[in-house]
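Participant: Each chain, written out:
4 protein chains.
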Amino acid sequence: MIPVGILGATGMVGQQFIACLANHPWFTVDWLGASERSQGKAFRDAAAWRLAAACPDDIATKIVEPAAPGNAPKLVFSGLDSSVAGEIEAAFAAAGHVVVSNSRNYRMEPTVPLLIPEVNPDHLELLKAQSAATGWKGSIVTNPNCSTVVLAMALAPLRQFGLKTTLVTTLQAISGAGYPGVPSWDILGNVIPYIGSEEDKVESEPRKILGALAGDRIENHPVTISATTTRVPVQNGHTMSVSVGLEHRPTAEAMIAAWNSFRGLPQELGLPTAPAQPIVYRTEPNRPQPLLDVNRDNGMTVTIGRLRECPLFDYKFVALGHNTIRGAAGAAILNAELMHTRGIL
Amino acid sequence: MIPVGILGATGMVGQQFIACLANHPWFTVDWLGASERSQGKAFRDAAAWRLAAACPDDIATKIVEPAAPGNAPKLVFSGLDSSVAGEIEAAFAAAGHVVVSNSRNYRMEPTVPLLIPEVNPDHLELLKAQSAATGWKGSIVTNPNCSTVVLAMALAPLRQFGLKTTLVTTLQAISGAGYPGVPSWDILGNVIPYIGSEEDKVESEPRKILGALAGDRIENHPVTISATTTRVPVQNGHTMSVSVGLEHRPTAEAMIAAWNSFRGLPQELGLPTAPAQPIVYRTEPNRPQPLLDVNRDNGMTVTIGRLRECPLFDYKFVALGHNTIRGAAGAAILNAELMHTRGIL
Amino acid sequence: MIPVGILGATGMVGQQFIACLANHPWFTVDWLGASERSQGKAFRDAAAWRLAAACPDDIATKIVEPAAPGNAPKLVFSGLDSSVAGEIEAAFAAAGHVVVSNSRNYRMEPTVPLLIPEVNPDHLELLKAQSAATGWKGSIVTNPNCSTVVLAMALAPLRQFGLKTTLVTTLQAISGAGYPGVPSWDILGNVIPYIGSEEDKVESEPRKILGALAGDRIENHPVTISATTTRVPVQNGHTMSVSVGLEHRPTAEAMIAAWNSFRGLPQELGLPTAPAQPIVYRTEPNRPQPLLDVNRDNGMTVTIGRLRECPLFDYKFVALGHNTIRGAAGAAILNAELMHTRGIL
Amino acid sequence: MIPVGILGATGMVGQQFIACLANHPWFTVDWLGASERSQGKAFRDAAAWRLAAACPDDIATKIVEPAAPGNAPKLVFSGLDSSVAGEIEAAFAAAGHVVVSNSRNYRMEPTVPLLIPEVNPDHLELLKAQSAATGWKGSIVTNPNCSTVVLAMALAPLRQFGLKTTLVTTLQAISGAGYPGVPSWDILGNVIPYIGSEEDKVESEPRKILGALAGDRIENHPVTISATTTRVPVQNGHTMSVSVGLEHRPTAEAMIAAWNSFRGLPQELGLPTAPAQPIVYRTEPNRPQPLLDVNRDNGMTVTIGRLRECPLFDYKFVALGHNTIRGAAGAAILNAELMHTRGIL
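Residue numbers (my numbering), protein chains in the order written: chain B, 1 to 345; chain W, 1 to 345; chain X, 1 to 345; chain C, 1 to 345.
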């Protein structure tokens, strides 16, 4: 078993890491790091556990350590808040740790892989340039924003059709805002048509993810994206209304086949967290829905439905993914699994 | 006072008509018509009242009549279900009644006005052609679908900029589905990304509403619309993410000024149900929101916010309106008020 | 494998039976019966599947049969609506089937066991009297109302302390109303303080369940129960505020120990659906909660918390259970498992 | 017009004060006090306005002052958080201000009136003893906890029947927790069966409110109360399931008549905020409901329904009131109106 640490262990993403790593066949949580307020306390005293899945007993009694390199294992998952992730993650990487981060701070750095293992596993090659550029003994690898993952996975199989344009409106779950996150007074029976700085991420991150490795850098994919991001009173699952313009317009059947047949290295390698079928197209007229579809394959599948011709672009459809699993903790764990098979850990 | 009747009085739209007409300065509800099951009963026994505003006492004790012309007043509001509205409304019109209808059946008929009094009051001229085409002694005037009203009002002031294209994703309230409507099991904490036949209406109705009267017919506006309609767990208020393409791209300030300064005949005439300012642009980054904005000016105002440049079209914004007031009962009542001042009643 | 049939297979309880029996080690669903409207259709065409857990493929293609005895297996689970369950279940029992029913029709019949396997397994002895009284070649066994199960399980370990009185207010989930069940317009952001005929059940059923077998009849337990039942916007899980009066007031520690140590025949026999610990007491001040506790042990555990002294009775506490698992389908399946080990099937 | 100040003006209760005082016929908001963070800023910059009713323009531009006596008007409403209300309110009272407070700090002080104007207006007599005991030039008068008001009003007309015992389970709205209050992650589709220190208040405050003035002190009413308080996903309105024991058991008709005919000094004096009928009994089987009943008479009415015999006490019923109007801002304003007519301001 490979020991792993969790940075920001007491937060919502940290707790999701712990839940997703319980019973993991390769990784075992060995170290918990958090802010000064939590240090020296048993995890159960430092953190109010907020997930329905119970906190494992061995984690509950583990003492929370300072968020500084030292006795942490080589592989560290980071669920740190972006207000502190920048410095701390760099310190860990400099000290030789492999930081697999869910934070946004380094996602758009030219030498930091912004990874979806099914989509751009070759971007791990950037780590050589990262090492050269930073002098770090370790490294940082990131996963995308929780909305970006869902969108980028839905778009990846469409690159073959000459993907040009994407217009997306998201309906995002409250869990995406962390804890305490959105006050219930603001969202119960309501829609908040704004999520701070989210639209920028959704418009920029997929261009890097879908981009091509060109030596020691990524050449962004030329797709132009326009995003409107909204919050809805849903627990888990970001739903997206998407229109796409394509150079070579396929038939609807070819679109659906491209999604359903999409596989990547995680499936080929049989990575533990990899879903058998990363993208599932549902033919019912009213799917996907968060309540019914979000937990498919333990929350690692993206579900698509409602493919129709778009009077303004080529096609429109609806996509859905689990924002704290495929869009956060599960994404980072799949990254680490891929890195392990590539000999990076 | 002008006596009015309500067709489909026991349903949700019928109840909303009753609530909106309580204390109306011109109209007094004098007649209630509903299906066979309700006939001969006092209204309070025929209908389970479902609104927070109390049912007026005089309505509660009124006997429900058959949904057939006869002793109904000349002016009849129709909240009939579309499965029966076709025949019944035609029978009333043939018998000399003026039917102001919220049903979809006749909206797209070439000689039936699809009216938003602030936007296309001149479309009432179609009634002459209607009379010639049908031989009816009375007439039928309709208001748009609950989503269409909000969208068409937001678009109307943009015609001056050469409105070409509109892409919209709606987040619609449950009240739009009537009663019993959406089962709570389906929508609590969920999104349903599909509303049967709604997208067709949103894509077609605004072209007629925004169109130009050309003698005895309407020349559709050339705007191309692409719509995705979804249901969210909100009580009242349809929210819309909209992108628009314009021939003559104005500044953002000019867009906002066009909305805020938009007035129509209802404002000029001081119609009782007319809001002072039909469209209000909010500058806060996170507005409009159903809970905070839907009841402005008794639910007759459309609220817009979040105007930004769209990387794919010219601008994007968010619009909101009250679906059972501005989008149904209030819309029809404003239609009737306009018709009264035009001498049509 | 023992073949089983499901009466009322297309409804919500029927679907829950199908979901709970997927991968059951003893029972395999072999026959689906439903109303005339569904007969002759493949299940997937007859029923709109409403659960997040997918419908098994072999069920989806199975042809739905008439709800009449004939080629159904001996063991039949019934999720029939009470409006039709009376006649149909009797016909099946008369024809030799063992009907394990979730319907309320026969629960209070003197010779019909109202069973919670952990609480009153000996009540199965009533079947001899049932056979004598009815002449049926088969039999009917019932499980309690979804609220009653939770309450009766919480009260069962308190009988040793001389349980005298119980005052309960329930906060019940929408899934308890079936499908389409509660309209979203009525319950979104609301409380409905009334559930038709529910209070009668909660006040009467536990007296039979907790009662003693006296030869061929049950002597009701003397506890007096007062119930108020309300509906809240929760998906799954009935929460209950309970006060109890006891002849021999124990310490709080003894109360908690009585719950945590409570075991029954299902645990002793290791029945497949039996939870390891039927009642779990949580010490956190704000538990149990539906979202966090309802799925413990696949929804078969009752969770209790907040034990405090009651100024008017002896103690008060909060109890929670999964209303469609422990309170319906899971309850019936556990009944059948017990009956199988007793040689009744 | 009487000028008034608002302490804690930027918080949720402060905002509710501002909304309730807009267009008040006697009081005009002249002064806003808040914590250091807000001082010197215009109100609209210091506070994020969270109510659907718009913030009055003259308030929006008013400069927020330090929460210290000085240039504040004589009458000051306090919506201060209890963590700071103790010192600040005393300082204002000492300096000669009349503090009409919604905070809990002084409610149970022997010489501080805990006032519901319809129930115990004579408790204002305590102010003489308060003056003697404290030496304050001004005074403090409080209104009860938001749940207590509803319960105490429902119980007040039952004193004539020899009220002995009350067992109550509350289902409380999220607005009762202030802002940001309850995280949406905790309450969306959930019940939290615990509200910190709430049960103590509900069990103790009504005894003082319903108590008798005995010279310069209150003799508590002897009713024994047992409370369980829970949070449900409702915006506004605390619902309560109540059982009562009475010395002299009346008929149900007499109970209902006692509620419907209940009037107090506010009704006699025609106070501006007083509802015409403080308690309304609804005969429908499924009322009161928050969504349908909470705003009756601008939120100042308590609605009761479902009166039934209780197998353990005499009667049980359901009560409902608006927690931030009748249970907070409206309560304090009605207190001030009463005090004005008594010559106390």
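Since the hints were made in silico from the structure, they are not lab data. Where hints are given, some of them may not hold.
Below, a list of computed lysine-lysine pairs in the DSS-like style, where the Cα atoms sit at most 27 Å apart [said to hold, decoys possible]: (1) C:Lys-128 to C:Lys-201; (2) W:Lys-128 to B:Lys-164; (3) B:Lys-74 to B:Lys-128; (4) B:Lys-128 to B:Lys-164; (5) W:Lys-74 to W:Lys-128; (6) C:Lys-128 to X:Lys-164.
Participant: Run every hint past the structure and note whether it holds.
Facilitator: So, going through the hints one by one against the coordinates:
no., hint, in the structure
1, C:Lys-128 to C:Lys-201, "25 Å, holds"
2, W:Lys-128 to B:Lys-164, "49 Å, violated"
3, B:Lys-74 to B:Lys-128, "18 Å, holds"
4, B:Lys-128 to B:Lys-164, "31 Å, violated"
5, W:Lys-74 to W:Lys-128, "18 Å, holds"
6, C:Lys-128 to X:Lys-164, "49 Å, violated"
The structure fails to meet hints 2, 4 and 6 from the earlier list, while all remaining hints are met.
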